[in-house]
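Here is what each chain is made of, one letter per residue.
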Amino acid sequence: MQGGRAVTPTVELVLFLLAAATVLVAGVAVVAARNLVRAAFWLLPCFLGVAGLFVLLGAYFLAAIQVLIYAGAIMLLLLFVLMLTRDAGGALAAPHNRQAVWALAAAALVAGVTLSIVVAFPWPLQLAAARADTAAIGEALLRTYLLPFEVASVLLLAAIIGAIVIARSEPSEPTS
Amino acid sequence: MMQSYLQLHHYLIVAALLFAVGAFGVLARRNAVAVLMGVELMLNAANINFVAFWRYIDPARLEGQVFVLIIITVAAAEAAVGLALVLNIYRTFGTVEVDRVNTLKG
Numbered sequence: 005m006q007g008g009r010a011v012t013p014t015v016e017l018v019l020f021l022l023a024a025a026t027v028l029v030a031g032v033a034v035v036a037a038r039n040l041v042r043a044a045f046w047l048l049p050c051f052l053g054v055a056g057l058f059v060l061l062g063a064y065f066l067a068a069i070q071v072l073i074y075a076g077a078i079m080l081l082l083l084f085v086l087m088l089t090r091d092a093g094g095a096l097a098a099p100h101n102r103q104a105v106w107a108l109a110a111a112a113l114v115a116g117v118t119l120s121i122v123v124a125f126p127w128p129l130q131l132a133a134a135r136a137d138t139a140a141i142g143e144a145l146l147r148t149y150l151l152p153f154e155v156a157s158v159l160l161l162a163a164i165i166g167a168i169v170i171a172r173s174e175p176s177e178p179t180s
Numbered sequence: 007m008m009q010s011y012l013q014l015h016h017y018l019i020v021a022a023l024l025f026a027v028g029a030f031g032v033l034a035r036r037n038a039v040a041v042l043m044g045v046e047l048m049l050n051a052a053n054i055n056f057v058a059f060w061r062y063i064d065p066a067r068l069e070g071q072v073f074v075l076i077i078i079t080v081a082a083a084e085a086a087v088g089l090a091l092v093l094n095i096y097r098t099f100g101t102v103e104v105d106r107v108n109t110l111k112g
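Note that the protein sequences, when read in sequence, are chains C and P. Just so we're aligned: the first sequence equals residues 5 to 180 in the numbering used here. Just so we're aligned: the second sequence equals residues 7 to 112 in the numbering used here.
The hints are all genuine.
Short, incomplete list of chain C residues facing chain P, as computed with Cβ under 8 Å:
| no. | residue |
| --- | --- |
| 1 | L81 |
| 2 | N101 |
| 3 | A167 |
If you are wondering where the hints come from, they were derived from the structure by calculation, not from laboratory data. Treat the numbers as computed from the prediction; the structure is a model and nothing was measured. Beta carbons: idealized from backbone N, C-alpha and C, even for Gly.
Given only the sequences and the hints, what does the whole structure look like? Please build it.
Here it is as C-alpha cells:
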C-alpha cells in the first residue's frame with residue numbers, strides 16, 4: 005500500500021459494491037435458506053466477499069487468512085456436522101422457529117440503531133500511509149502482541165482437545 | 007493521487023447490516039448448526055469493522071489487524087467446540103433443533 009493505489013477510484017467503488025452486495029445477499033441466503041446444506045454453501049460467497057472487502061481495505065494477509073480459515077476450514081466443519089446429523093436433508097417443516105417475526109424486528113432494530121450511529125458519528129479520520137505488509141504483522145505478533153498470540157495458541161489447543169473429548173463416541177454413563 | 011469515493015462509513019454500513027442478518031439467524035433458526043452459522047456472520051461483521059477502523063482511523067498501528075487474527079482464532083475454536091457439542095446433543099436427544107432440547111425447562 006505504500007506506492008499508491010493501482011486501481012482508480014471508480015474501479016475501487018465498483019469492486020466495493022460488488023463485494024458488499026455479495027456479502028449481504030449471501031448472508032441473507034444463509035439465514036433464510038430452507039435447505040441447510042445450501043445455507044452452508046451460501047457461507048462461501050459471503051466469506052469470500054468479506055475477504056474481498058479486506059483486500060479493498062489493504063489487509064492482504066487477513067484476506068488470505070479469511071479464505072483459508074473461514075471459507076476453508078469453518079465451512080467444511082459446518083458441512084461435516086450437517087452431514088453427521090440427520091436433519092440435514094431439508095426435511096424440516098420450517099427453517100425458522102415461532103419467534104421469527106420478533107427476531108426480524110430485533111434485527112431491524114439493531115440495524116437501525118447501529119446505522120444511525122455509524123452515519124451520524126464524527127469519526128476521527130486519518131489517512132496516513134498504511135503499512136500492513138505481512139512482515140509488519142508478523143513483527144507485531146511476535147513482539148508487541150506476543151502474549152495474546154501465545155494465549156490464542158493455548159486456547160486453540162484447549163479447544164481442539166475439548167472438541168475431541170466432547171465429540172468422542174463412547175458408550176459411557178447414560179445421560180438422560 | 008485521485009481521491010477515493012469510499013469512506014469509513016461505507017464499510018461500517020455493510021458490517022452493521024451483516025451483523026443484523028447474523029443476529030436474525032441466531033434468533034430465528036431452529037437448527038443448532040444454522041445458529042452457529044449466524045454467529046459466524048456476526049463475527050465476520052465485527053472483523054470488517056476492525057479492519058475498517060484500522061484503515062481509516064489509525065493505520066500506523068496494527069491493533070486492528072491483530073485483533074482480527076485473534077478473533078479468527080477464537081472463532082475457529084468456537085466452531086470446533088460448538089459443533090462437537092451439537093454432535094453430542096444429536097447423540098443424546100436425537101435432534102439438533104434448539105427448541106426441542108428443553109430438558110431444563112420447568
